[in-house]
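Trainee: Sequence:
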Amino acid sequence: MGKRGFSKYTFVFLFMVLCSCSTSKFVVDVTKPPSIEIPVDIRRILIANRCLKKEFEKPDEIVKGLIAGEGPVINQAGAKKAVESVIDDIRYAPGMEPVYTSAVPRVDTLDKKFPQSLDWSTVENLCRQYNSNALLSLEVFNTNTNIDYGYYQRRETKDYVRVWSNTKIYNKNIEHIPLARLRVEITAGWRMYYPADKKIVVEELKEHTQKWEFEGKTQKDALRNLPSKMFAVEEAGKLAGIDFSSRLYPKRTTVERVLFIKGSRDFKIANQYLKQRHWKSAATIWKEYTHDPNKKIASAALFNLAVINEMEGNIEEAYRLAKQASEINKVRLIKEYVLLLEKKVKQFRK
1 MGKRGFSKYT FVFLFMVLCS CSTSKFVVDV TKPPSIEIPV DIRRILIANR
51 CLKKEFEKPD EIVKGLIAGE GPVINQAGAK KAVESVIDDI RYAPGMEPVY
101 TSAVPRVDTL DKKFPQSLDW STVENLCRQY NSNALLSLEV FNTNTNIDYG
151 YYQRRETKDY VRVWSNTKIY NKNIEHIPLA RLRVEITAGW RMYYPADKKI
201 VVEELKEHTQ KWEFEGKTQK DALRNLPSKM FAVEEAGKLA GIDFSSRLYP
251 KRTTVERVLF IKGSRDFKIA NQYLKQRHWK SAATIWKEYT HDPNKKIASA
301 ALFNLAVINE MEGNIEEAYR LAKQASEINK VRLIKEYVLL LEKKVKQFRK
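What the sequence shown shows, in this note's numbering, is residues 1 to 350, in sequence order.
In short, the hints are calculated from the structure, not lab data.
Do not rely on the hints blindly, as some may be mistaken.
[Unchecked claim] Listed below are the simulated DSS-like cross-link pairs for lysine-lysine, each with C-alpha atoms no more than 30 Å apart in a straight line:
id, residue 1, residue 2
1, Lys198, Lys344
2, Lys206, Lys113
3, Lys280, Lys335
4, Lys343, Lys206
5, Lys81, Lys206
6, Lys81, Lys251
7, Lys280, Lys344
8, Lys220, Lys25
9, Lys206, Lys25
10, Lys335, Lys206
Using the sequences and the hints given, assemble the complete structure.
Mentor: Here it is, written out as structure tokens:
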């Protein structure tokens, strides 16, 4: 009798503990820090293309370059698209505004190394003229294109020959389908000048590769189906530009987060709001429990509010609330979240 009674109360106790700490996973959108670190006060960015020359000394080399799909003309076409894509991307970035200028010294587009940097008097004058916080310049843009050929095998069943009433022999052919492949390799170099500190805050030289593959009835057909080298370099330039600019600013990303859904009757109501993705309504309920006498309930409310603040981009406040929750209730889930937010805070502060 005594053992049965002990087991019963033990079960009830464990049930209450589990309920008080019950969690559920939710898919939410949070702010991801930029992977390229720049000063936080950079808002208006002056953008320049130093790889855009106005004239060429040898016109015959221009024609040869267009036919061969290489040389300064192709380089400049790709560089122009790279800068245009950066401007378009930053235009829609939160808290940033792009401005373009062509009033910068030009460089040799065929070089894969960074040229001598702009002098600070030039940078300061340009930034003052365009009322900008920084100058972002494309200073290296080199392309290399290559075409090769191959094939792949395709097995086709033509028809069958009936030998016996229950036996069929299939006539199977293996076709060799010709392929043509175009490979574009780009080396793009970007510098960001920050006149407030007279410092180059970004200097990145990065290689990009884009590939196109088309088939045809013959090798010549496959070759005709490939895009022109000019088009391919321009497309690769666009992608290279977006790859760079998209790493300059924070962006929204979808992640999985855990929230406490039990602790009081009101938490159950908040859970219903969560299912409908009414985050603010749920947060209003949790705010009433941040000083609850029950430490588990108070820490759960603080933790949930930290997640809501992370979703809204308030990383500092999210970190403060999560730390407060961890001080009240030192469970592993909350500790791990504090460490995650601590890392994000450091990334945003840089």
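Trainee: Checking each numbered hint in turn, tell me which of them this model violates, lowest number first.
Mentor: 8, 9 and 10
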